[in-house]
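*Asks:* Sequence:
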Amino acid sequence: MVNYNGDLLGKNTNFLNHDNRGLRYGDALFETMRMVGGKLFFWEDHYLRLMASMRILRMEIPMRFTMEFLEEEIKKTIVANEQIGEQFRVRLSVHRNDGGLYTPLTNDISYIIEVAPLKEAFYVVDESPYEVELFKDFYVNRDMLSTLKTNNKIINVVGSIFAEENGYQNCLLLNNDKQIVEALNANIFLVKDGKVKTPPLEDGCLNGIVRKKMIEILSKLENFDFEEASISPFELQKADELFITNSVVGIRPITKYRKKEFGNKVAKELLGKLNAVARLT
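Residue numbers (my numbering): 5 to 285.
Fair warning: there could be bad hints in the mix.
Distance condition first, Cα-Cα at most 30 Å in a straight line; then the derived DSS-like pairs of lysine-lysine [what the hints assert, rightly or not]: (1) Lys157 x Lys15; (2) Lys260 x Lys123; (3) Lys263 x Lys140; (4) Lys182 x Lys263; (5) Lys199 x Lys269.
Keep in mind the hints are simulated off the structure, nothing from the lab.
Start from the sequences, fold in the hints, and give me the full structure.
*Replies:* Rendered as structure tokens:
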């Protein structure tokens, strides 16, 4: 079952048409979240990011779009799907309503909620091989739009195809200044000699929720120096560890980049702290 503007529809119901602005122009946003035992991980952060992004894209935010309203709509969708288990992947999408060409006829919006079961309740470290490579066919712009979680993900799609064709588990994206921005589906962190850093939003990386949580965690730890700073491709093979973060996986260690293999000691330590913060939410 899919929740479309509060109506629960069968998975194969045709409720969008060729005029949908998300389809025509990528005029849409989405949040992907983890829900465990009826609680959404970092829900306030996801909600505030969605509201801020809608304002930036000049979408009209309905009065009913409170945290409580959307949380109840998510729970209603889970109940309607009669899923077995306690943990779910939730995708909340918002698109501007039909009408107009590049200039919309309205800034009113519609929303879609989808849910799917997850195997693990909390984040776990996957230690299987995870090799990455640079994706250099196209570049990420260094602007605010690149930091939003919009439906304009064609570079991520093409990069994913490149990774699959060449036997990589992921690729790292570059901006126009040839600096590392992020992975195809996650933010990136680099560890070297007790120092951890991640690219700043000014470089064009996604304003990720788990990225934000990791920055909060690292800023309080005395045994790590942390900074938001640009990462050059030349730094990758000198790093002790590389790991990526997103809201569904949590932390995923990178095991190999070209000839360099990496450990995951720091990633494991930080994952435990991330789980502790998630439990508090």
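*Asks:* All the hints need checking, so say for each whether the structure fits it.
*Replies:* For each hint, the structure was consulted:
1. Lys157 x Lys15: Answer holds: Lys157 to Lys15 is near 23 Å, not above 30 Å.
2. Lys260 x Lys123: Distance ~26 Å between Lys260 and Lys123 Cα, so the pair holds.
3. Lys263 x Lys140: Cα-Cα ~18 Å, so holds.
4. Lys182 x Lys263: holds, 21 Å
5. Lys199 x Lys269: Satisfied, since the Cα-Cα distance of roughly 13 Å is no more than 30 Å.
Against the hints set out earlier in the document, no violation occurs for any number.
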